[in-house]
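S.K.: Build out the structure end to end from the sequences listed, making use of the hints.
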Amino acid sequence: MDLEQQQTEASTRSLTLSFVLKELRRFALIFFIASFGIFLALESMPEDPISLRVKNPDPERIAEIRDSLGLNDPWYQRYVRGVGDFVQLDWGESLISGRTVRSEVGRFLPATLELAIPGILFGAALGIAVVLIAHATGWRWLLQPVRGLSALGLTVPIFWIGLLLILFFSVRLGWLPVGGRFDFAHVAPEGSGFLIIDSIVQGNLEALWISIRHLVLPVMTLSLYPAAVVAGTLEARLNQSSIQRLVTALEARGFSPLRIWGRHVLRLVSGPVVTVIGTQAGALLGGAVLTETVYSWPGMGRFIVDGVLHRDLYIIQHGLLLIVVLALMVVTFSDLLARRLDYQLNTREDSDAG
Amino acid sequence: MPAKQQRRKLDYVALFLLVFCLLGLLVTPHDPMAQDFRDQALDGPSFTHLLGVDGLGRDFASRLWQGAGNTVLLAGTGMAITMLLASGLVSLEQVGPVWCGRFIRMVIGLWVALPVIFIGLLLLVFLKPSPSALVMAIGFGNLAFCFRQLRVLWMTVRSALYVRSSEVLGSRGWQLFKWAIWPNLKPDLLALCRLLFAMSALELSGLAFLGLIGDPDFPELGSILKQNQAYLYQAPMLVIIPGAFLSGLLLSVHLSRFHR
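Protein chains in written order, with our numbering: chain G, 1 to 354; chain A, 1 to 260.
For the record, the hints were derived by calculation from the structure and aren't laboratory data. Careful, some of the hints might be misleading.
Simulated pairs of lysine to aspartate or glutamate, DMTMM-like, Cα-Cα distance not exceeding 25 Å [said to hold, decoys possible]:
#1 A:186 with A:167
#2 A:128 with G:48
#3 A:128 with G:47
#4 A:128 with A:215
#5 A:128 with G:43
#6 A:128 with G:93
#7 G:22 with A:93
#8 A:178 with A:43
#9 A:178 with A:188
#10 A:128 with G:198
#11 G:22 with G:9
M.R.: Written as structure tokens, this is what we have:
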């Protein structure tokens, strides 16, 4: 019996290892394609980004600047150097502001993460809670908004929902701020760049309250789409006959609805829920960019869009690659987490989760 | 058959709305770009301006109508590009050599991991921000999703028993496609088109809202919303109506069936 158990564990370990290797290979391939795509796009740019920045376009001066930035080197050298710089976090300077791209990212990325992480978590929690409560209590009317929510993702633009929320909560009721990340009349806490964490660390309750008030509407807007996706997936999964049979068996054993749905069923469906959040990472990223624009949230989305519109070479090169890396990290992490949570995925040899 | 009649009604509503929007490209009560009514800026509805005047003195109904027309036209074009490219790739993958099919599947597998917003921004690095650049962005952005759906549909129908039976009975090539494959592929293909149209319209208006459409005055529902966001306090209807119109249009397309 022990030997059999050891063999099963060894086989699971080797499957997990091969899965991790597969994920890493995919990560590397997509990174290569994305970095080369960005390089090609920058090479095909109709305008010379250096000429756009020089007030008096003197050809000699432009050639000097291009030389100093290594832009006259052969293409393969420039590509390899660009990837090397990205990996070493040496992201150059913005041609517009003159500040280093790394310091700008350090300023904007925490803002985006402070919005995106609660948005996704709140949305997922909302989707899970509504569907599980509807099934556990038998209040099927709760599922009606879930069905409506799944249509919402394909019919209503997220930025319009954001504008409606501003109209209602800020303009009409005056409860919450219209936009921005912090009150201009107060000094924002400094430290990690995450205002909520910094407020808590410094024990500044007023700053914490201001940060939370600014966060409520953007998080509500951003959470709707994850809530819709998670609720739709969960509802489909719970209607599977295997889950239905399990629930009936657990009910027959006299388990309480809370124990059945909150413990056993939730554990079974958590894998697919994490997977669906991961596969929707790109769409969520797009939603975050739009939400930032609606609420004038000083995040990465606006920073990169402005960089592209102003042809800011290094922001495009490293900022866009950073978007892909972030999206890929979410996908990879969610796949690994789903595998950890879902026993079937972990032991299925022909699994195609990667 | 009340349910069938109900579905038919929804089809007519969707068709009417799409045609109505496209008509806005040909006729509008006033010039949607001309700032002819500056003295009446942000005025409410009247007989001459059914939905009022926007902040720059333009007839809002005309802008909305042409904006809806542009959204439908551009999203439809983006959808057509996606479908054409995906159909071409699926054909090549099915008919071409094995290595070619493998290569296409590998590229699509990687392409699908790239966010649409990334593909859109990447294209706008070397294309000038314009409506046509956005059409290309959504056309290429949805390619991987469409390829996968189309491939599954094709494989399902191609291996179906009725298609195999037709082959056994001697049907080949165009005849097989016309009589056995197409009638069964068409309903799912139309459903895929509806889904792609909704995705394209939402992505297009999203990218336009970000200011990537180039000319901020270009009448498109996303860019109209962006421009009117500044008047949220004074004239909220300028923000409510375009979003409601786009949502209503997409809801009608979502609920329509056309083929059944």
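S.K.: Taking the hints in turn, state whether each one holds.
M.R.: Evaluation of the provided hints:
1. A:186 with A:167: Measuring from Cα to Cα gives roughly 19 Å; hence the hint holds.
2. A:128 with G:48: holds, 13 Å
3. A:128 with G:47: This hinted pair holds, its Cα atoms lying about 10 Å apart.
4. A:128 with A:215: holds, 11 Å
5. A:128 with G:43: holds, 14 Å
6. A:128 with G:93: Holds, because 23 Å separates the two Cα atoms, which is no more than 25 Å.
7. G:22 with A:93: holds, 24 Å
8. A:178 with A:43: violated, 57 Å
9. A:178 with A:188: Roughly 16 Å separates the two Cα atoms, so the pair holds.
10. A:128 with G:198: Distance of about 41 Å is beyond 25 Å: violated.
11. G:22 with G:9: With a Cα-Cα distance of about 20 Å, the restraint between residue 22 (chain G) and residue 9 (chain G) holds, given a limit of 25 Å.
The structure does not agree with the numbered hints 8 and 10 stated previously, though it agrees with the rest.
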